[in-house]
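Participant: The residues making up each chain are set out below.
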Amino acid sequence: MAMRMPEKMLALAVGALALAPAVHAKTIAVAAGPDAQKRLQEALIVAEPGDTVALGAGRFALTDGLSLDIKNVTVRGAGMEATVLDFSGQEGAGEGLLVSSSGVTLRDFAVENPHGDGVKSKDADDIVYYRVRVTWTGGPKETNGAYGIYPVESSNVLIDGCKVQGASDAGIYVGQSDHITVRNSISETNVAGIEIENSRDALVTGNFVTRNTGGILVFDLPNLLVMGGGNTLVENNLVVANDTPNFAPKGNIVGGVLRGTGVMVMANDGVLVRGNLMSDNPTAQVLVVSYPRAFDDKRYNPYPRHVVVGVNTYSRGGMDPQIEGKAQLLASFGGALPPVLWDGLGKPGGAVAAVKGTPALTLNLAAQGDGLDKAKPAQVSLPEPSTTVDPATVGAPAALEARIVS
Amino acid sequence: MMRGASLVAALSIAGASIANSAERAADPVNDAAITEDGFPSRLSDYGFFTGGAALKPVAGVTPYRLNTPLWSDGATKLRFLYLPKGEEAKAQGDGLIDLPVGAALIKTFAFPENGKLRLIETRVLMHRADGWLALPYEWNDAQTDATLALAGARLPLTTPQGVSISYAIPNKNQCKECHELGGSVTPIGPKARNLSVAWLEAQHAAGRLDKVPAVAHRIPVWEDRDKVPVESAARGYLEINCAHCHNPRGAASNSGLDLRWEQGDPVKYGVGKAPTAAGRGSGNLLVDIAPGDPVHSILLYRMESVEGGIAMPELGKASIDPAGIAVVRRWIALMH
Numbered sequence: 017m018a019m020r021m022p023e024k025m026l027a028l029a030v031g032a033l034a035l036a037p038a039v040h041a042k043t044i045a046v047a048a049g050p051d052a053q054k055r056l057q058e059a060l061i062v063a064e065p066g067d068t069v070a071l072g073a074g075r076f077a078l079t080d081g082l083s084l085d086i087k088n089v090t091v092r093g094a095g096m097e098a099t100v101l102d103f104s105g106q107e108g109a110g111e112g113l114l115v116s117s118s119g120v121t122l123r124d125f126a127v128e129n130p131h132g133d134g135v136k137s138k139d140a141d142d143i144v145y146y147r148v149r150v151t152w153t154g155g156p157k158e159t160n161g162a163y164g165i166y167p168v169e170s171s172n173v174l175i176d177g178c179k180v181q182g183a184s185d186a187g188i189y190v191g192q193s194d195h196i197t198v199r200n201s202i203s204e205t206n207v208a209g210i211e212i213e214n215s216r217d218a219l220v221t222g223n224f225v226t227r228n229t230g231g232i233l234v235f236d237l238p239n240l241l242v243m244g245g246g247n248t249l250v251e252n253n254l255v256v257a258n259d260t261p262n263f264a265p266k267g268n269i270v271g272g273v274l275r276g277t278g279v280m281v282m283a284n285d286g287v288l289v290r291g292n293l294m295s296d297n298p299t300a301q302v303l304v305v306s307y308p309r310a311f312d313d314k315r316y317n318p319y320p321r322h323v324v325v326g327v328n329t330y331s332r333g334g335m336d337p338q339i340e341g342k343a344q345l346l347a348s349f350g351g352a353l354p355p356v357l358w359d360g361l362g363k364p365g366g367a368v369a370a371v372k373g374t375p376a377l378t379l380n381l382a383a384q385g386d387g388l389d390k391a392k393p394a395q396v397s398l399p400e401p402s403t404t405v406d407p408a409t410v411g412a413p414a415a416l417e418a419r420i421v422s
Numbered sequence: 267m268m269r270g271a272s273l274v275a276a277l278s279i280a281g282a283s284i285a286n287s288a289e290r291a292a293d294p295v296n297d298a299a300i301t302e303d304g305f306p307s308r309l310s311d312y313g314f315f316t317g318g319a320a321l322k323p324v325a326g327v328t329p330y331r332l333n334t335p336l337w338s339d340g341a342t343k344l345r346f347l348y349l350p351k352g353e354e355a356k357a358q359g360d361g362l363i364d365l366p367v368g369a370a371l372i373k374t375f376a377f378p379e380n381g382k383l384r385l386i387e388t389r390v391l392m393h394r395a396d397g398w399l400a401l402p403y404e405w406n407d408a409q410t411d412a413t414l415a416l417a418g419a420r421l422p423l424t425t426p427q428g429v430s431i432s433y434a435i436p437n438k439n440q441c442k443e444c445h446e447l448g449g450s451v452t453p454i455g456p457k458a459r460n461l462s463v464a465w466l467e468a469q470h471a472a473g474r475l476d477k478v479p480a481v482a483h484r485i486p487v488w489e490d491r492d493k494v495p496v497e498s499a500a501r502g503y504l505e506i507n508c509a510h511c512h513n514p515r516g517a518a519s520n521s522g523l524d525l526r527w528e529q530g531d532p533v534k535y536g537v538g539k540a541p542t543a544a545g546r547g548s549g550n551l552l553v554d555i556a557p558g559d560p561v562h563s564i565l566l567y568r569m570e571s572v573e574g575g576i577a578m579p580e581l582g583k584a585s586i587d588p589a590g591i592a593v594v595r596r597w598i599a600l601m602h
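In the order they appear, the protein sequences are chains A and B. Quick note: to get our numbering, add 16 to the position in the first sequence (first position is 1). Quick note: to get our numbering, add 266 to the position in the second sequence (first position is 1).
Hints are computed from structural coordinates only; laboratory data are not their basis. Remember, it's a predicted structure, so these values are computed and weren't measured experimentally. Check before you lean on any hint, since a few could be wrong.
[Said to hold, decoys possible] In silico EDC-like pairs for lysine to aspartate or glutamate, Cα to Cα no more than 16 Å straight-line:
| id | chain 1 | residue 1 | chain 2 | residue 2 |
| --- | --- | --- | --- | --- |
| 1 | A | Lys314 | B | Asp531 |
| 2 | B | Lys442 | A | Asp313 |
| 3 | A | Lys54 | A | Asp102 |
| 4 | A | Lys266 | A | Glu158 |
| 5 | B | Lys534 | A | Asp141 |
| 6 | B | Lys442 | A | Asp85 |
| 7 | A | Lys54 | B | Glu404 |
| 8 | B | Lys534 | A | Asp312 |
| 9 | A | Lys390 | A | Asp312 |
Start from the sequences and build out the full structure, keeping to the hints where you can.
Facilitator: Below, the structure is given as structure tokens:
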């Protein structure tokens, strides 16, 4: 229900609120130890806008999911190795920590072994994840939770200095969101290292993604509230040795990611991949495809559009591709496939372009929905780029940076 | 208004409110506990009931039932609506009854124990000037009163089906997870289509409801599930058990799965729909509902699980609902 307050007063109140936190902000300290569930959850409920919930060093043994629903709260631990929220004994809820309010900063703590997702923030704009670690400690397993760091349906998302290990879907997953930065983070031994899905204006930079099934995925899927993903820059990442066999439960779209994919773009409009070091990705350094399944959604465009492969450094890729006819293919390409692999679908000349001198292979699929068994691989000369992604239009707003200065 | 008071201050406000209510014997419900800032610390602070665990409603507090209720580990639920004196609820077609500021919905969860009903928790959903607020209260062992459980609680109990579970009283945020619609807390149950004509007529006759709303398609009474078309029973069940999250403005909006009663597009309610963020909840299955093939339907797989990360609903369920599963299974099996 709306506030019974004249609009002008409301505006004044909101204005005052924006200035207020510095004056009234308080720190609520929560130490590890007995009854951690109740004490920490209570702190997350009684916190007021501007407050910091300070987690002590040590291991918090938690029995249920935690949640935060107050705006402009900071949850700060003593470091991603020092403060551990341990969900090994979790009995309920779909994630370790759920954030449903805007302006939240999560920093300097770890989440271990949540039964579902690690940290989810939904409809939570202006969120910062800084030096947060999410780990499934038993290594890559199908029974691990799906997403490590999981912002969804949000505007303005900054993920910096984080680390995720073992997610059975994506380590860092940003879905149905816009103005996103994922940087300086490590994502390893997940099915997908970093996934940007049904989102726009994303910057993925300075990350180290390794030993995932696929390194960095930029996807758009049908039948969702937010579709039309694109305008995304994947720049200056280390995409190395993504060679873990796919361990995603079937049904999930990442279950179809081929082992050994470096960067994968699916059904997006406007993705620039440049300045990355890609090495030891056995299927393809860069894979550009259309949505592979049947779908019923008139609003959805299943093809890649305006995908640009810029100058990247490629080393040792495509040497053990997970596609049919591997032996013949490798023989005809001298033991390694070219760095760019395209399914051959999309508008001719408009689907994917690459800087001059980028060898590429097309799978020559005839129609959307065709399986890899219908591939007729052949070398292809991709057109030189006529479009780009303007770096000024991607990434989280600079205002979020201020929260990670100290 | 933003909540300005600390928890301690909130409790003292509630304390002040109790004093007020004692002075107003004519209207035993403490309206201030409902409408003023703060979190009353005990259920008795509101004055909805007398007689402790007997839950004898005072004037203005009316029991109701839903045609098809949310299943909660087989709990018996005692539902009451409080309307302040002289206030009237407004019908909005077949949808949610519009309850005025000062109204409250009071739902108590109880389980049989040694031949008696043991009250476990009472959830109060109250309408304040700045919106709805949901608070959970845990009953004491003596069954004399329930105290605020802001951070929730867990307790072991045995369900009527004989399953030993760790029962979870939701924390304040979890109350909101289910009750949130488009960013605001809202009631879920009392939609005209899920209430009986008789009850609605009685409320209207008593001057507590402006009119008896016309309802074209009423959700069937759950006890009649084997007598009504299975689609109707199944969709009614999904509406009240799932659709509070699985709708375009709910907590599971990002799944794209919309299980509301009124959703007419089969893909949107799951037929042939690939999962979005299911993770291991997919159970290695490809679609939410595979027509004619319940065994390959993720929807049913998740209903049949009690494991965190797989089980649906995520909250308020520690054991499976055999009757609900049977209806949904039959609906999918007969689908083509």
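Participant: Hint by hint, note whether the structure agrees.
Facilitator: A quick look at each hint next to the structure:
1. A:Lys314 x B:Asp531: Holds, at roughly 13 Å.
2. B:Lys442 x A:Asp313: Violated: lysine 442 of chain B and aspartate 313 of chain A sit about 31 Å apart, past 16 Å.
3. A:Lys54 x A:Asp102: 14 Å, holds
4. A:Lys266 x A:Glu158: 10 Å, holds
5. B:Lys534 x A:Asp141: 26 Å, violated
6. B:Lys442 x A:Asp85: Roughly 9 Å between the alpha carbons, so the hint for lysine 442 of chain B and aspartate 85 of chain A holds.
7. A:Lys54 x B:Glu404: 14 Å, holds
8. B:Lys534 x A:Asp312: 10 Å, holds
9. A:Lys390 x A:Asp312: 22 Å, violated
Checked against the numbered hints given earlier, the structure breaks hints 2, 5, 9 and satisfies all the rest.
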